[in-house]
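Chemist: Here are the chains, one letter per residue:
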Amino acid sequence: MQISKEQKIRYLNRRIDEIKELKEYLKTSDFESTIMIGHRLKGNGATFGFPLISKIGISLEEAARSKDISKIQESIENLSMSIEENLKNFQ
Amino acid sequence: MKNKNLASLVIIDDDVDLLELLSSFFRQRGYNVSSYVDARVALSEIESKKVSADVVISDLKLPVMSGLDFIKRIRTFNSVLPIILMTAEGTLEIAVEAIEAGAYDFVLKPLHVPQLLISVQRALFLNQVQVENTNLKNLFNEQDFLGLKGVIGKSPGFKKAMELAKRVSSSQANVIIFGESGSGKEVVAKAVHDLGDRKNGPFVAINCSAIPENLLESELFGYAKGAFTGAVGSKTGLFEEANKGTLFLDEIGDLALPLQAKLLRVLQERKIKRIGENQTRDITARVICATHKDLKKEVEKGNFREDLYFRLNVIPISMPPLRERKEDIIPLSEYFLKKFSLLNNASIKGFTKQAIKHLESLPWKGNVRELENAIERAVVLTNSEYVDVDDLPSVDYGLSETKQEEKGASGAIFSINSIMSLEDMNKKYIEFIFKRNGFAKEQTAKELGIDRKTLYRKLKELEAVEQLTIQ
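The listed protein sequences derive, respectively, from chains Z and R.
Residue 64 in numbering that gives the first Met the number 0 sits at position 65 of the first sequence; the count goes up by one each step and never skips.
Residue 260 in numbering that gives the first Met the number 0 sits at position 261 of the second sequence; the count goes up by one each step and never skips.
In short, the hints are calculated from the structure, not lab data.
Any given hint might turn out to be false.
Said to hold, decoys possible - So the derived label-pair ranges between C-beta atoms look like this:
hint : chain 1 : residue 1 : chain 2 : residue 2 : range
1    : Z       : 77        : R       : 345       : 57 to 65 Å
2    : R       : 125       : Z       : 26        : 45 to 53 Å
3    : Z       : 73        : R       : 121       : 37 to 45 Å
4    : R       : 116       : Z       : 9         : 38 to 46 Å
Said to hold, decoys possible - Sample of chain R residues at the chain Z side, in silico, Cβ under 7 Å:
hint : residue
5    : 16
6    : 18
7    : 112
Only a predicted model underlies this, so the values are computations on that prediction, with no experimental measurement involved.
Even glycine gets a Cβ: it sits at the ideal position worked out from N, Cα and C.
For reference, chain Z alone in the conformation it holds in the complex (with noise of 0.2 Å):
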């Protein structure tokens, strides 16, 4: 299936938005928000054709459940990366 490049930068775009909800998780221990997210990083990440974010997506959520604040960190820093990243490929 082909994505197209708008829908992939729209996807990016609105992970960063993502980026700042997690960290305000992170400020308010709200895990089970952050659960959602990494959950929901798993599932569209690899579909738009991002399987990194999918990865990242998997130990953010793994992380949350454990309630592990520096492994949440780590996860949402190599989630700006890859964002970052990527977005710069487009440009």
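Based on these hints, arrange chain R on the given structure of chain Z.
Modeler: This is chain R only, laid out in the frame that chain Z set:
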């Protein structure tokens, strides 16, 4: 047949990105897509029929109502709607739980969208088969006259026959049904059976004119092992098979005289002997007979035993020919149209006004059977949503169909443009006369100068004609 590209999909996912992606993917392929982030809203709109749904694709893990809860709620009012669940949790337990809850399929995230498309196409096919199956069941289970299934008619003649059938159903009196070929004599016999105490027993029907005399005797009475050459085992006859039920002897007027004597004895004594056996066996089957012949005249001619005539003629029921009950033509036509539309996957909505007038004006020499054949042919051949006059037989049905082919420029019925064998010529001529008589066997046999049994045999040889005609 429903065009798969007009199918309606409902997609539910709280992941807006996936929702947009899938909606766009399926819309590009001609599907009508309704998308929801909240399963409760989707549920309410499907239930109230605000949205049309042929297949639902839903995420398993949803914030307020989960995909499993969604399926359980849907199943309270719709047992067949296919639901495909998507999930990022790829465990066997969840898959089993989903299927047990009533999911049609289970696809894993990250999605392989072409795989999802295949699943949707399969679900649509399943849905279509289920809907057709339900429609057919409904059609055949329609409770019509006297609560009988699939019995269609509202004319006074039809009602009179069926009401009499109901009155005699609980008695043990012998019943004989008179009526032209194809008029529905077996429907009356079945009604007597279904409305009476024997409804849970077997209904066994046999056409006495369709089977040679010597075979008919062994069919009716059965035989013992070694009774005649080729009797390698014993055989139960139809009288015994119909025990506690009904034996319907159609075209009793064509029964040979020696068998008439045997039938009379069975009706008097309620006992039979298998061929080649001395032991008598009690029979409990109710015997219902039918004929297209005027038995009184047959008695006068010496073709039918008077004592059997009086024995059978306790309660005569007459089923009028279709031309004498024109009120039944349209209800029957509509019933056959629905039946054959479903069987042929055709979406035919009905008849044009002209077609209705035309149907009512035709003579229907072959009665309901001929009408059924004509409607089946129209359903198969029409290119329109409504059956029109052109799709139906013309007034000189049979002759009109064959005249171009067989009348030829000379005006003769048959012009021989190429050499054909005598056998082919015979077949063609029988087919021609049969069609011209609206598939009425008696008239055809008379015109051809042969008896009905010979006609039956010859018709069986005519495979093409056989498909067109008699049950």
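Chemist: A separate judgement is required for each hint: does it hold in the structure or not?
Modeler: Structure-based check of each hint:
Range check, residue 77 (chain Z) to residue 345 (chain R): about 59 Å between beta-carbon atoms, so the 57 to 65 Å window is met. For residue 125 (chain R) and residue 26 (chain Z), the Cβ-Cβ distance of about 49 Å falls inside the hinted range of 45 to 53 Å, so the restraint holds. At roughly 42 Å, the beta-carbon separation of residue 73 (chain Z) and residue 121 (chain R) lies within the given 37 to 45 Å, and the hint holds. The hinted window of 38 to 46 Å between residue 116 (chain R) and residue 9 (chain Z) is violated, with their beta carbons roughly 22 Å apart.
The beta carbon of residue 16 (chain R) is positioned within 7 Å of a beta carbon in chain Z (closest approach about 5 Å), and the interface hint is therefore held. Restraint check, residue 18 (chain R) versus chain Z: the minimum CB separation of about 10 Å is more than 7 Å; hint violated. Given hint, residue 112 (chain R) at the interface with chain Z, holds; its Cβ is 4 Å from that chain's nearest Cβ, closer than 7 Å.
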